[in-house]
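S.K.: Here is what each chain is made of, one letter per residue.
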Amino acid sequence: AQKVTQAQTEISVVEKEDVTLDCVYETRDTTYYLFWYKQPPSGELVFLIRRNSFDEQNEISGRYSWNFQKSTSSFNFTITASQVVDSAVYFCALSGDSNYQLIWGAGTKLIIKP
Amino acid sequence: GAVVSQHPSWVICKSGTSVKIECRSLDFQATTMFWYRQFPKQSLMLMATSNEGSKATYEQGVEKDKFLINHASLTLSTLTVTSAHPEDSSFYICSARRTGPGEKLFFGSGTQLSVL
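Residue numbers (my numbering), protein chains in the order written: chain A, 27 to 140; chain B, 22 to 137.
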C-alpha cells in the first residue's frame, strides 16, 4: 500500500529562520513520483516540485530546497530565510506512476511570524 | 504557465438543490482531470478521475449518483452535486493533467460549497 506521512501538523517560526518540512513515504513501486504543493489561505494549490524515483539528486530553487533520500524513504523540504509569505499549508504527495493519482500527506501548516 | 479555471469560487445553496462546478483548462487540452474534496484542516481526498469521452472512475466510498462528473471536451470537466445536503458542504478542487514535455498537474482555485 502507498502512504505519505507528514508528521508535523503545524510549525511556527520567526521570519528569516530556516525551516524543514518532513515527508516520509511508503510504496512498493520501483517507479514513483513525489510532489510538494503549497496551499495558501486562498485555497489554490501551487505546484512546487515533482521528482521521480530514479533521480535522487537534491534540488534547490531559490530559497527552497528538497532532500530526497530513498534509503530512508524521505523527501524533505527546506525553506531558507523564511518569509511571512511562506505561511501556508504544504502537502507532500506520491503517485505510483505518471497517471497523477496522488496519495496525499496530511499537510503541514507553516506559520511564519514577522 | 498553464492555468486551470474553476468556477464558481464559492456557492451557497439550499438543501435538496443541485450545484454544478466547472473546471476548465485554459491553454492546454486535458484528457484527464481529477476532482478532490477537502475538509477543513485536512488533506485532499481524491473523489474521482475524469476521462474525456468516457465515464469517470470513482474512488471507493464516493457516490457516483451523488457526484455526477462529465468530461465532454478536452478542456472542460464538470462536477454536479445532486440533491445537496449540509454534509456535502466542503471545499472542492479540480486538477487537470497536462501531458507531453513538462508533464504536470495543474489545480483550480477551488470551490467552497455551503449547503444550508
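In case anyone wonders, no lab produced these hints; they're calculated from the structure. Please note that the accuracy of each hint is not assured.
Using 30 Å as the maximum straight-line C-alpha spacing, the simulated DSSO-like pairs for lysine-lysine come out as follows [to be verified]:
no., chain 1, residue 1, chain 2, residue 2
1, A, Lys-64, A, Lys-139
2, B, Lys-76, A, Lys-96
3, A, Lys-42, B, Lys-62
4, B, Lys-85, B, Lys-41
5, B, Lys-87, A, Lys-29
6, B, Lys-62, B, Lys-35
7, A, Lys-135, B, Lys-125
8, A, Lys-42, B, Lys-87
9, A, Lys-29, B, Lys-35
10, A, Lys-139, B, Lys-76
11, B, Lys-62, A, Lys-29
12, B, Lys-85, A, Lys-139
13, A, Lys-135, B, Lys-76
14, A, Lys-64, B, Lys-125
15, B, Lys-41, A, Lys-42
16, B, Lys-62, B, Lys-85
17, A, Lys-29, B, Lys-85
18, A, Lys-135, A, Lys-96
19, B, Lys-35, B, Lys-76
20, A, Lys-96, B, Lys-85
If you anchor each label on the Cβ, the simulated ranges turn out as follows [unchecked claim]:
no., chain 1, residue 1, chain 2, residue 2, range
21, A, Glu-52, B, Ile-33, 38 to 44 Å
22, A, Thr-46, B, Ser-36, 40 to 46 Å
23, B, Leu-137, A, Glu-36, 45 to 51 Å
24, A, Thr-56, B, Pro-107, 43 to 49 Å
25, A, Thr-46, B, Gln-133, 28 to 34 Å
26, B, Ser-135, A, Ala-107, 37 to 43 Å
27, A, Lys-29, B, Leu-89, 26 to 32 Å
28, B, Thr-38, A, Thr-56, 35 to 41 Å
29, B, Asp-86, A, Glu-41, 46 to 52 Å
30, B, Ser-104, A, Phe-80, 44 to 50 Å
31, A, Thr-31, B, Pro-107, 30 to 36 Å
32, A, Glu-36, B, Gln-133, 42 to 48 Å
Coverage of chain A stretches by chain B, computed from C-beta distances (three or more under 8 Å per stretch; other residues unrestricted) [to be verified]:
no., region
33, 40-48
34, 87-93
Keep in mind the model is a prediction, meaning the values are calculated, not measured. We put the CB at the ideal spot given by N, CA and C, even for glycine.
S.K.: Mind listing which of the numbered hints don't hold for this structure, in increasing order?
M.R.: 2, 8, 9, 10, 12, 13, 15, 20, 23, 28, 32, 33, 34
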